[in-house]
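These protein sequences, in sequence, are chains A and B.
Taking this note's numbering, I'd label the letters of the first sequence as residues 1 to 278.
Taking this note's numbering, I'd label the letters of the second sequence as residues 1 to 278.
Calculated directly from the structure, the hints in this document are not laboratory data.
Be a bit skeptical, because a hint or two may be false.
Identical copies carry no separate label here, and so any pair may be met within one copy or between two of them.
Here are the computed lysine-lysine pairs in the BS3-like style, where the Cα-Cα straight-line distance is at most 25 angstroms [to be verified]:
{"hint": "1", "residue 1": "Lys28", "residue 2": "Lys39"}
{"hint": "2", "residue 1": "Lys176", "residue 2": "Lys230"}
{"hint": "3", "residue 1": "Lys42", "residue 2": "Lys28"}
{"hint": "4", "residue 1": "Lys76", "residue 2": "Lys124"}
{"hint": "5", "residue 1": "Lys89", "residue 2": "Lys271"}
{"hint": "6", "residue 1": "Lys260", "residue 2": "Lys47"}
{"hint": "7", "residue 1": "Lys260", "residue 2": "Lys119"}
{"hint": "8", "residue 1": "Lys143", "residue 2": "Lys230"}
{"hint": "9", "residue 1": "Lys119", "residue 2": "Lys271"}
Number of protein chains: 2
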Amino acid sequence: MRTYLDCIPCLLRQTLEASRMATRDETKQEIVLRRVLSKLRKTPFTKTPPEIADGIHYLIRTVTKNPDPYKKVKEKYNRIALAMYPSLKRKVAHSRNRLLTATRLAIAGNIIDFGPGVKFDIEKTVREVLVQDFAINNFDRFKRRLDESSNIIYVADNAGEIVFDRILLEELEDKKITFVVKGGPVLNDATIEDARSVGIDKIAKIARVSNGAPGTGPKRNSKRFINWLKNADVVISKGQGNYEALSEVNANIFFLLKIKCPVIARDLGAKIGDIVIK
Amino acid sequence: MRTYLDCIPCLLRQTLEASRMATRDETKQEIVLRRVLSKLRKTPFTKTPPEIADGIHYLIRTVTKNPDPYKKVKEKYNRIALAMYPSLKRKVAHSRNRLLTATRLAIAGNIIDFGPGVKFDIEKTVREVLVQDFAINNFDRFKRRLDESSNIIYVADNAGEIVFDRILLEELEDKKITFVVKGGPVLNDATIEDARSVGIDKIAKIARVSNGAPGTGPKRNSKRFINWLKNADVVISKGQGNYEALSEVNANIFFLLKIKCPVIARDLGAKIGDIVIK
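Just chain A, with the same shape it has in the complex (with noise of 0.2 angstroms):
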């Protein structure tokens, strides 16, 4: 997806949102603002907006010199869902369909997210998005091409929502999967040491993509990693970050996430709050 001309105020929110985070030097954060705008001048909207964000991150880390300024958020999120996990496995347990039920728990998942700037209710979400109708719903053709499939790639988004994307994962527990997160730190998002935490790498392969910092891994737009992909029976892409950056990327890709903003809901034809398996 090509970042619209409504992103740009919204990384700027972002920047400032993550120099907070990163630090309360208000002369530093005066600095990344005005660095930004800087670049984000002279940037092609042709890129997507998660491109620009990493660069935008991979910025204020180096300015702050905070290698991690999301690290209490991931870890205090990943301590909330793990706490949450006994409930969701008997949601799936009690459920008439729990391959639906664990898809629709890891995009509940998906609502732990500090880039859109909203503020969320994880518990509310989660009994909302059990009943709620799917603004696109490719469910069936996700249950028959998972069937088909031994080799799935899971592209992961945020700390604490692997959890949930935990939940999905042991439901497939035959296939061979191989969970990508981030090389480095990166807003939210989750990274090696948060799949470790909680416990994924006893049930899945972990592989890394770049979080916009050099030596991280490859990047989502690079052949390497799209190659990858196209190998796989089956990958599934978690959040918007992932829509944004592999939507027109031609794999056998699932994308399973809960809208959040604006320019993501008119590119998908829905509503901010809508739930999406494409």
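Fit chain B to the known structure of chain A by using the hints.
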């Protein structure tokens, strides 16, 4: 009031909205956005937000070659407010404290604002503001000062809103009133044409202040304008923009406004939606 870092993403949101009002040509909208990014990165934040915004709107009008992007919106809200005028007059006539009711109505009219990017409902706002507690209430001092004054400067804010201002002006009939509007179009701010179209030229002298473009009157932060305010017995300043521009001026200014943005809320120690006589 200085420009806070939070004002920057908001000014870009306003830039995008205004450039869409000015032209449907997305290429021009993008040019505007990039030029504003470029401008903001060099702007000292010791300037007030309206000083920066005036420059942005001047740039938008110049690049898009649209001299008055909010023309239709201004006419629409003058019309809507004029249609409400008889019922507003009845509310004053039937009230126990005419001046207080007229002041509340003038504040209610301040909801008609295309700056903060917030949707509004005029009828609902009027009902609420008539009974709402003030977050800051210097009405008694305001009334006393008005009683002692013969020479009043009324610094107006938006089109439509000025019909509500007229209600208050008509309670001050025995005074010599100068009604200050913008000397040219900027946002939905009231201009001389707006003041005339709602009949304010019949009850007050009209004066002008710059809209950010050359030749449209003295700037709000100019010595000439500020000295003029200082020589008035009392100044009534309407809305957020005038508060931002004049909050540090040492004159007999009463700020009448409805709070619509978090930065002003913080500056005044109040909340969004609050009403203020300060």
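Cross-check of the supplied hints:
no.	hint	verdict
1	Lys28 to Lys39	both (16 angstroms within a copy, 20 angstroms between copies)
2	Lys176 to Lys230	within (16 angstroms within a copy, 77 angstroms between copies)
3	Lys42 to Lys28	both (22 angstroms within a copy, 16 angstroms between copies)
4	Lys76 to Lys124	within (18 angstroms within a copy, 41 angstroms between copies)
5	Lys89 to Lys271	neither (29 angstroms within a copy, 42 angstroms between copies)
6	Lys260 to Lys47	within (20 angstroms within a copy, 34 angstroms between copies)
7	Lys260 to Lys119	both (10 angstroms within a copy, 19 angstroms between copies)
8	Lys143 to Lys230	within (19 angstroms within a copy, 74 angstroms between copies)
9	Lys119 to Lys271	both (17 angstroms within a copy, 18 angstroms between copies)
Checked against the numbered hints above, the structure violates only hint 5.
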